[in-house]
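Q: Full structure from sequences and hints, please.
Numbering of the sequence shown is given in our numbering, commencing with residue 8 and proceeding in unit increments.
Hints may contain errors.
What the hints assert, rightly or not - FRET-style restraints, in silico, Cβ to Cβ:
(1) Gln57 - Thr83: 17 to 25 Å
(2) Ala19 - Pro97: 47 to 55 Å
(3) Pro177 - Pro62: 34 to 42 Å
(4) Ala20 - Ala120: 35 to 43 Å
(5) Val22 - Gln57: 50 to 58 Å
Think of the hints as simulated: they come from the structure by calculation, not from any bench. Every residue, glycine too, gets a C-beta built ideally from N, C-alpha and C.
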Amino acid sequence: MMGKFLAFLILAAAVIGGGAMYYLQVYGYYDEIAASGPADVQVVIAASGQSVPLPHSDFQAIDSDSSPIRYRACFTTDLTAAELAQTYQPYTGAVPLLAPKWFDCFDAREIGAALEDGRALALMGTPDIRYGIDRIIAVLPDGRGFVWHQINRCGEVVFDGQPAPDDCPPPPAN
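A: Rendered as structure tokens:
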């Protein structure tokens, strides 16, 4: 009888712990970010290297303090792919990261497929928004835009415990 009780207790603890972990990963650590204006979506001008606001509407975003790469945002823009491509700095190697299912405006698989087949345009949003992390923007032909954080080349090396390459800024002390 005591063995059955202990088995039930262990099983209950596992189910409760698993449920809590799931909730924290999918819901608990994310905060919705309220739209604050034109500066919500920044993009780098190719000619000058300066970040400027990208004209947009319908901004939605989530972020988490638990990781610098959990930022996701969605927006719409009236700019065409041709206008974006001739004005702003392209970003090669953009790979959108999955978002929680409840943040349904951001579909990383759709964005990734559109980037791979050339339907979407990836742009540099804000380089080194935090050390080793770039903010990337992708825009689909229908004007839907997406933003996420991606580890850049310098971050990959430093976060792996190696010294920063000579052409990278020095990593922060902590």
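Q: Could you run down the list of hints and mark each one as holding or not?
A: Hint by hint, here is what the structure shows:
1. Taking 17 to 25 Å as the suggested C-beta distance range, the pair Gln57 and Thr83 conforms, at roughly 24 Å.
2. The hinted range of 47 to 55 Å is satisfied by Ala19 and Pro97, whose Cβ atoms lie roughly 53 Å apart.
3. Here the CB-CB span from Pro177 to Pro62 is close to 35 Å, well matched to the stated 34 to 42 Å.
4. Separation of Ala20 from Ala120 is about 41 Å and conforms to the stated range, judged on CB atoms against 35 to 43 Å.
5. With their beta carbons about 53 Å apart, Val22 and Gln57 fall inside the hinted range of 50 to 58 Å.
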